Structures are given as structure tokens and as C-alpha cells.
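Visitor: These protein sequence lines map, in sequence, to chains C and H. Be aware that the first sequence starts at 14, since it is given in the working numbering, and climbs by one per residue. Be aware that the second sequence starts at 14, since it is given in the working numbering, and climbs by one per residue.
It should be emphasised that the hints constitute simulated quantities derived from the structure, not laboratory data. Don't take each hint at face value.
For identical chains, the list gives no copy identity; a pair is met inside one copy or between any two copies.
As the list claims (entries may be wrong) - Straight-line C-alpha distance at most 25 Å; calculated SDA-like pairs for lysine to any residue: (1) LYS69 to PRO304; (2) LYS76 to ALA301; (3) LYS316 to PHE349; (4) LYS76 to ALA62; (5) LYS213 to ASP293.
Since we're looking at a predicted model, the values are computed, not measured.
Number of protein chains: 2
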Amino acid sequence: MADQKKMVEEITSMEVDFAKWYTDVVKKAELVDYSSVRGCMIVRPYGCAVWENIQKLLDARFKETGHENVMMPLFIPESLLQKEKDHVEGFAPEVAWVTYGGAEELTERLCVRPTSETLFCEHYAHIIKSYRDLPKLYNQWCSVVRWEKTTRPFLRTMEFWWQEGHTMHETAQEAIAETERMLNIYADICEHELAIPVIKGKKTDKEKFAGAESTYTIEAMMHDGKALQSGTSHYFGDGFARAFDITFQGRDNKPQYPHQTSWGMSTRIIGAIIMTHGDDNGLVLPPAIAPIQLIIVPVAQHKEGVLEKARELADRLGKVCRVQLDDSDNSPGWKFAQYEMKGVPLRLEIGPKDIEKNQCVLVRRDNREKYFVPLDQLEEQIPQLLEAVRAGLYEKALKNRENRTYTAKTFEEVLHLAQTTSGFIKTMWCGDLACEMKMKEEAGLTSRCMPLEQEKIGDVCPCCGKPATTSIIWGRAY
Amino acid sequence: MADQKKMVEEITSMEVDFAKWYTDVVKKAELVDYSSVRGCMIVRPYGCAVWENIQKLLDARFKETGHENVMMPLFIPESLLQKEKDHVEGFAPEVAWVTYGGAEELTERLCVRPTSETLFCEHYAHIIKSYRDLPKLYNQWCSVVRWEKTTRPFLRTMEFWWQEGHTMHETAQEAIAETERMLNIYADICEHELAIPVIKGKKTDKEKFAGAESTYTIEAMMHDGKALQSGTSHYFGDGFARAFDITFQGRDNKPQYPHQTSWGMSTRIIGAIIMTHGDDNGLVLPPAIAPIQLIIVPVAQHKEGVLEKARELADRLGKVCRVQLDDSDNSPGWKFAQYEMKGVPLRLEIGPKDIEKNQCVLVRRDNREKYFVPLDQLEEQIPQLLEAVRAGLYEKALKNRENRTYTAKTFEEVLHLAQTTSGFIKTMWCGDLACEMKMKEEAGLTSRCMPLEQEKIGDVCPCCGKPATTSIIWGRAY
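Build out the structure end to end from the sequences listed, making use of the hints.
Guide: In C-alpha cells form, the structure reads like this:
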């Protein structure tokens, strides 16, 4: 137990310093390492395995809904980036510029893609001729670069990994339906697979994506009450299509502009998983994406028959979950602490006494509840316990969000809440940028979203007293 | 049939102009599109699906052999690239340089990775402390950039996609064994999955990877007799470890340098598939990586019961292969040509007369052989026919290689063969760079590899007449 204590002590408590706790966890759980490239992270095998599991879930849902993967160039010529005015204004200040190829200075600078709307539009202009070519439902898995000043692993890095869907449709209605469909897929995966409750909503004009007509978002609340935007889905109308001269022959034989969407989820979601479910013992992973769902720790493994039985169980249980056996010569206490740090949802302990009784001990990571389970019931019990971990994580996160969500009718109430709490503040809003700026400058809050499920909190905007047009959620955000 | 003829005519015949045939195929089979970024290709859904299937085969073999995936930064600081002398000399002339982040000029240039040895070494220096930490068996899936002057889709592009494995070992023997293990995995996948016969061998010092002690390669012969290097595996000794100061505490408690390998296979292999198996009707895909293995084409589909039966078969056969039904209103002739162009290994035709007889027609893509198959035997016959296609493709490619492989004992014979044939020329070699240069300058040939399976063709080097130390294969290469 000395070993276990030693490891646990190395992490800062989340209540003492949440930011320090976060960086401790990403390092100790071996999710990332820092590199000498400023602001760029190395995603280590364990972090990469988490991302691969998230990718599989998303990619399967994309393919089920008719989307196809493509691979676009990494570079965007400056002239191409400039074709859509709002887009270039939003992104040009934060891109990396390639100016030399070998020893030769380029005649036109290339930026490393911060997002690929422009590249997709150029390609779509080549391949969309008729309404019969629509919809085009493409997605790309890649990394993108944004020249951020301050960075933190997963949450904000110069390079991050993501998928970016880019679709073209015959009508505005179809494009809007696609925007909603993909937002719903993101929300569904967050809630049902990652056990992260999210609020679906629309961004304000100030917070929407550069070049979009409207941006939809799913907002999650972290353990400390701050918000994390976890996935976005944009509707572009035909703005890019006009800028890139993409037309198709419509059913009426006349040229028309197609309607466009894009949508993305990134490695930021791993930051959300850490900060939603983690605790002072380290990471807690939702079973759906845990690289190891069940760790088998033999107890008194030098005793006859223990390792054999542990190996037999590892073989058997590989059929119902992702299982790993740790038969290293580290102590059981060290192993317990190690796999708690790594957030493995279930631990199976088996020693000589258990074998005598033909049972073993299962321990849940989320609440440390112990279960004595007959060996012949494991195939049945383990999937049930994994589901119980998922449900437990979701309930805990939802309760945290409910406890930290407040309603305010006046600006004084907003100010008081902003100064005394950390969480979501729901108000009404008139829709004016001036009031949104006042919230930011005087209360330190940014708008998270106008929820799709609207509430009537009052009649007027708390900032200006004018009639309200929407309910809105404010918070501090990662 | 008019439709079919029209499409087929659009491709240049491979015997008339092989290079033009190649670009016609990659475009018409919808594998790639060109972008406005010089030398960078867009991999379209069909090409991307081929690459994803290749990735799955490779990734499974890597994981079976204990390798783990990681994600490294896209950028390499100039000082890091310069740490290993031979390596920087090899790559610096062909990298893209980032010099600005937003509006700010960087104090140190960053290159876009052409390969990631330097980044892996920096990370390994952080995480390797003891012999207990070894081996480290990492792999990365990503794209890399090399500033090429002339480019062709898949064969040579500024940006290409690949996997790069980077491993560290306690001893030289273990590292050499890894180099061989990975070469064997590449060869195995080429021969058994992609139906491409390859020759395993060692590169000459002139042709080896920048910074490597030795480079192993698999060399394939294309339809036109030219060679394509299809995968490489490098042994580095401890050169990088010394340059990057990576040491571990050995079993003797003394600090030691680990021994290193790297190995890669890229989207070039898609070029190899096209040029090994393709014909004047377009692409021919080996079944293991074909996005569609069986295309169902209904004949007289407006007649009662035809589409219903075709859909029923598509549902049923999805269990034994990757199947697609084309129920569009294009003519059967157009569909036949379209899916031949796309290289689909098997076609199933079903019309009213077939349904009456409770049978259908299966047509192999590789040799157009037709089979009348009772509907209740399809689950049995289709996997057998897919295997027959694979075997047929392999045999044909092997025969081409055998027909185009020559042996020469004198330089006059070499010159004559180089002027009158296109293929592999096997000779003995003394090992001197001067003779290798003579082959290049006077005969236009480069060394492909010194085969692991050595042959005794004679006693002396045909260039200089000195005693030979090895047999070697020469050719012209993509």
C-alpha cells in the first residue's frame, strides 16, 4: 500500500488546483508528452488508443448516414484562403505560413490548413455539375494548425486532430437538416458513449464560425463549472458556393448555387472526458472508449495456480470486453493505483482464496464499489457493470451540471452569480451585440449557446431591459 | 453496348502510352482529383476507401506484433532536424519551411515533417530510462511533405500519406530482427493480399535512407517493366541515439545507447496496385482491398421481380463480401464498363431469365470469365471466385516479372538489355560506388536491391571485372 500512496500523492488534488490537477493527470496517465515544438503535443499510445476508439464510434455513425471519407491537401494557397471574406478574416491571423520549399522562396505563400472549407469548395467546383451529383457528403480525418498564444494539452494546442465534415446540398432545407443531423450524432455520442451530458444550442453571431450563417454547438460542463464546446455544426447557406463559383444545373435546367454545411469534433473531447469524469485518483474513462475496460490483477501471484487462473480469465473475458492482465512483478497495490490513474473502468482481483471459492473481486473505478462474483457469472456480470459505470458517470456529471446551473433575471443577479459561483447562468437576451459585450466586459462571461430547447425565464434582457427574443446560457469556457 | 464502348474509348491504351493510361485510370476510376496546391493530390472517396482497407490490413499486423500507435507533431524545429548530420543532408533540400505564425516571424524556422525520426528520438530521450522500458515499438499514421519537382498521383506527390514505424531496442540483434520482421510483414501483405510479387533485398549505400546503417526494401515490377519500391525498413544502429543523447541503464547498470529501426509503407502502394494489375478497361483491384468486391447489376430491371431479387441478393451477400447494388437508371452496359473501370473484382448479373432458372451470372474482372451459378450456391462460390481472382492476378504479375527479368555477365550485355528491353537486369557486383555510377550514367539503370536470396551469376563485376561480392538487380524505377 506504500506504493499506492506514493503514486496518489503525486497528483495535485482537483479541489486545490484544478488546472494543475489536469496537467498532472494527462502526464501521469501517459496520455501526452510535450515536444520541443511550441504548443504541439505528442499523443502517446494510451491517448492515441482513446482517440482511435472515439474515431471508430464517429466514423461508423458517419458512414451509416451516407458520408464518405476523403483526404485533402495539408496546404492552402493564400489566394484560395482569401476567396471568402469573413472566413479569411477569421482565420488569417492564426495560421502558419510556408514560404520556402527547400531553398526556393515560394511565389505564393501556403498556409497550413486551419480548417478546409476552401479546399473542399475548390474540389466541389470541379465535381458538382448537376442536381444528380447532390448531396455530396464528405468527411476528412486529419490534423489542423492554429497559431495559438497559450496552449494546454487537448484543450488548446497549435496542432490538433479532428474530423471535418463538408457537405453540399440541393436546397437550404436539406443543408439545415444535415447540420441538425450531425449535431444530434455528436450529442448522442457524448451522452450515450462518453457519458457527458450536453446542451444543444445555437451560437450568437459573435461566436459563430467565420463565414457561417449559423453555428450549432453542444456545450458540456466540466467538473469545475466551466464550459467546454464539444462539437460544432455549421450552416453556410450558399455564401462559399458564390465565392467559389460552384453551380449545378437544377431540376428546372437553370444554374443554381448549392447549400453547404461543415461540422467537426476534435481531440478537445479527450479534455472534456478528463475534466468531466476524472477524480483525485486520476483519469476515469467511460467504458465505450477505454483502451482497457477490465484490468486483471493477480493477488499473491507467486502462489501456485494464481497466474494460470488469471491467464485463463484473460483469455475467456477477451470475448466480452477489452481486457488486459498485469502479471508484472509490481505489487498489487502499485497496480491498483496505476490502473486507477489510467481510468480503467473495472478491476478484477483474483488470489488463492478467491480461487478456492471459485470467485473473484470486481471493483468499479467510478465509485470503488466491490463485488464478489462467481467465476462462471463473469461473462454476464462484466457487461452489466460496464454499463453501470457508464450510467454512474453520466448521472454524476448531470448532477454537477444541475447543481451549478443558475437563473438570473437582472444584471445584478448575473454579477452576483458570476462573482460567487462557477457554472452556467441562464438568462433571457435581446439579441444585441452590445449586451453580449457588456456580459463579457463587466461579468467576465461569454455566451455559450441559445439552447434549442428554449425556456421562458422572463420577458426582458437583463442587460438593457428591452424585450427579450431568446433564452441564452452564459459561462466561462475552456 | 454503345455506352460501354464510349467509356472504354476514353482511356488511352496502356500499350500506346503507359504514362497517359495511368493518369487516365486514376482520374476515370475517381481515385484522385488535382488541387490548386502544386504537387498535392486530393484522394477521393474511392481512393480513400482503398487506402483505409490497406491501413486496416497493416495496422492489424502491427498491433499483432506488439506495436502501438502515437501521434507526433507535424512540425520539426530546424535545430532538431540538424542533430543527425546525414539525415539533415538528405532531407533539408526537400522540405517545406514555415517561417510565419500569423503575422509574427518565427525566431526559428519549422519544417513540415518529411519523416519523423528526429521527433521520435526526442520523445524517446524523455521516456527511455532503463532496459525495462525497451523495446519501444511505435507507429504513426500521417501525411508527410517532400518538396518534389515533378509529381504524379500516388507515385510521387509533395504530400503523401503513410505509416512510419519507429522502434528502439536493447541490442543490435533485436533491432535487426525487427527490421527483418517488418520487411516480411510488408512482403507478406503485398504478395498475399495485394497480389503483387516482390523481391526482398538490401539497398546499396548510395540508395539507402539518409542516416541509416542499412535499408531493406521490397521491389515490385510494374506492367511496363519498371520497378517500384513498395516498402522499406531501416536499421539505424545507435547513430541517432548518440546524436540525440538517448541512453538507458543496461542490465549491467551502465548507461547504454539503444538500437533503432524505422519502416514505412505509403499511398505509393496504390500506384503499384494500379500499374501491376490494371488493363485497358481500367483499374483491377485485388479483392482484399477492393471497396466493392461484388457489384450487382440488374438486367431489365423494370421487369417485375428483378429489383426485388437483386436487393434480396445484396442483403444476403453482404455477409460474405463487400457488396453493392447499382439500381440506378443507367443501362447495364454503362454499369458493366463503369465497374470494370473501378476494378471491382466480381460482377453479378441477374435478369428475368436468370430468375426463372434460379441462377445468376458471375463475371471475373481479371479475365472476364463467366460463370452461371445457382442462387443457393452464391455464399459458397463468391469467396472461392474472389480467391481465384487474387491468385490469377498474382500469377499474371509473376509471369510478367519472370518474362522481363534478364541476367547479364558483361557490361556489353547490360547495355544491350538496357537499350532493347524494360525490366530487371540481374548481375554480380563488386560493391564499388564507381560501378554503380557507371550503370546509371552509361546504361540509365539504378540499383534496385541486393536480393536476400542471393544467386551466383558469375564471379566478377561486369563493370570493372574485379571479384564480385554480391548479386544485384538493376532497373528503371518510378
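Visitor: Is the C-alpha distance from LYS76 to ALA301 at most 25 Å within one copy, between copies, in both cases, or in neither?
Guide: both (19 Å within a copy, 20 Å between copies)
Visitor: Tell me, please, which holds for LYS213 and ASP293 at an alpha-carbon limit of 25 Å: within, between, both or neither?
Guide: neither (30 Å within a copy, 53 Å between copies)
Visitor: When no copy is named, should LYS76 and ALA62 be tagged within, between, both, or neither for a Cα gap of at most 25 Å?
Guide: both (21 Å within a copy, 11 Å between copies)
Visitor: At most 25 Å between CA atoms: does that hold for LYS69 and PRO304 within a copy, between copies, both, or neither?
Guide: both (12 Å within a copy, 18 Å between copies)
Visitor: Is the C-alpha distance from LYS316 to PHE349 at most 25 Å within one copy, between copies, in both cases, or in neither?
Guide: Close inside one copy (19 Å), not across copies (67 Å); limit 25 Å.
Violated hints amount to a single one, hint 5; each of the other numbered hints is respected by the structure.
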